[in-house]
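Sequences are here, hints too, so could you generate the full structure?
Sequences listed follow chains A and B, in order. Reading the first sequence from the start, the letters are residues 1 to 356 in this note's numbering. Reading the second sequence from the start, the letters are residues 357 to 649 in this note's numbering.
There could be a bad hint or two in this list.
Claimed, not checked - A few chain A residues facing chain B, derived, Cβ under 7 Å: (1) Leu-52; (2) Pro-72; (3) Arg-355.
It should be emphasised that the hints constitute simulated quantities derived from the structure, not laboratory data. Because the structure is a prediction, the values reported are computed rather than measured. Ideal Cβ placement from N, Cα and C applies to all residues, glycine included.
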Amino acid sequence: MAEVSLRGVKKRFGTTQVIHGVDCQISDGEFIVIVGPSGCGKSTLLRMIAGLEEVTEGDIAIAGKVVNQVEPKDRDIAMVFQNYALYPHMSVYENMAYGLKIRGVPKAEIRQRVDRAADILQIGALLERRPRQLSGGQRQRVAMGRAIVRDPAVFLFDEPLSNLDAKLRVQMRVEIRKLHQTLRTTSIYVTHDQVEAMTLADRLIVMNAGRVEQIGTPITLYEDPATLFVAGFLGSPAMNFLSGAVAADGQSVALPGGVQAPLATAHAAAAGRPVTVGIRPEHLDLAEGAPPTATMKVDLVELLGADTIVHGRIGDGGILLARIDGAVPIRTGDDLPLVLAPERVHLFDRETGARI
Amino acid sequence: MRVRVGYSNKLLPYILVAPQIVVTVIFFLWPASQALYQSVQRQDPFGLRTRFVGLENFQTIFEDPGYLHSLQVTAVFSLSVAALALGLALLLAVSADRVIRGATAYKTLLIWPYAVAPAVAGVLWMFLFNPTIGSVAFALKAMGHDWNHLLDGGQAMVLVVLAATWKQISYNFIFFLAGLQAIPKSLIEAAAIDGAGRNRRFWTIILPLLSPTAFFLLVVNIVYAFFDTFGIIHSVTSGGPARATEILVYKVYYDAFEALDLGGSAAQSVILMVIVITLTVVQFRWIERRVHY
Ligand SMILES: Nc1ncnc2c1ncn2[C@@H]1O[C@H](COP(=O)(O)OP(=O)(O)OP(=O)(O)O)[C@@H](O)[C@H]1O
Ligand SMILES: [Mg+2]
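Below, the structure written as structure tokens:
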């Protein structure tokens, strides 16, 4: 068990800079998820923590010790790879025992630790098989088993579930979460799946193009996204973005179609400024008699059973998605009166994308 | 449902495979059957009379200390060539796998020796080690080693082994390099995180994963050392001195064309044929199994 800290970590491959300075404190026992679009540098960051890539600039410390120059084997970490990276010429047992054998753990203890890990992961019956005789889900478990027998200070996961089918992914996600509740080992988990990110993380690191956009608990990031990018990246369906302008008194914002949406707090400083307005689909509700904030022209309705996704427009260019609870009888072409809670309206700077 | 793909013209398939069949018959089956036929015949030295002797030729061969000696020479020669060529090629391939800058030039240079004809390679090495004019022999003398492979059987063996190895390294190198590059990087990284240093990674991960390639190459190298090295032996030592480098193929040639014992030589070729067939069968068996690690 250990805390991990990143201080101004940068990475360049030749002349291309891939990571532009990451600062982060990860406490002991925390489950951190790094999430971001493909190519944003998640794997690179994780590999630097593992010691598989050199740090160009800045410091990485594990358990208070700077490890920039420390070999992977001396960092007391274990990593689960996306393609599992099981040794094909060894049995499941040998795969899991390999790291322990190298560290000179006595045979009896190896047996005991592998058996315990196999028990936790329910792969006890597979110990004599070769990796090629396993299904994807079983391989995944073996890869996890190989990591947990070592009882390392930090677990690193690089998209460990992305090769599994959707159902198995949900199941393994739950198991990883349970496993962490049992073992309480500091974990850093890379994914580009936002559901995985939201459900697994104690705290999330959202990355974009080599920069950290925001760090915080999933719910903080969902409710108070610091940037336009974070707002758009988390949540499904994605947040609606409309162009608007803050009214002169800073009390409301003008949306397309002449809609005036009231704001929860006065934005006097932003008065008169053109802004991007973010509204989550699930925060738009049917007016049901109350005075509507806006009236949406319905273009398309998707009935999902548990909820109804309505595609529509307010004015010209004001394309909106609304998610309404339950199966509601709405038809294409309807004029749908909607209400919007003022505290659910997010304003972002047009230029920088920062939250106002 | 299986879709059958075929030719509507009944004759066309036969015409298409005919060239291959013709080549096989003329260059393989006919000489092989000739060897088989000759191996049970005995000719007088002038080739005037031939008579059937059954397995007598084979019996003579196995009672001939010269043949048994040649068998021993062949074993030493091929095992040395195979071991050296495999070992050195693996070493070079592992180094090349690590090289990033100039890798292409390095690889190209390493592949060149394969393009050199055996006889030319032999002559090249012969000149280098020539006791009177060879630069290597000169350097060896300067260091106090008296080099004369024309007199010393051991030295002659070293020289032909070197020449034969040098030519085979390229071939092995290409296969080993391809094998190394087929090993997923993440396996090596996983082993590094598991605590294995560079050496241990090589012995416990890389080498086992290369073993199918290595076995395939071992068979190829032994076949090479048995048969394709004739040109080298012929140009460097002619089997000498005192038959110290007379491997089986060379003896086949020598007995037939120098000693004019056609029957005996044919019997020896039949034995070589049996050896090469055995090696091939072993190899195919292994290749079928090799996906199993
Ligand atoms: N060895 C390398 N040499 C040069 N560029 C690299 C190297 N490895 C990664 N990159 C670049 O660094 C950037 C980040 O790569 P990285 O693998 O960290 O992305 P990622 O966030 O993990 O993406 P994904 O979700 O697709 O796995 C990419 O633009 C990639 O092209
Ligand atoms: Mg990645």
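Hinted contact Arg-355(A) with chain B - closest CB pair below 7 Å: violated (39 Å)
Pro-72(A) as chain B interface residue, shortest Cβ-Cβ below 7 Å: holds (5 Å)
Minimum Cβ distance from Leu-52(A) to chain B below 7 Å? Hint on Leu-52(A): holds, closest Cβ of chain B at ~5 Å, below 7 Å.
Comparing the model with each numbered hint stated earlier shows that hint 3 is the single one that does not hold.
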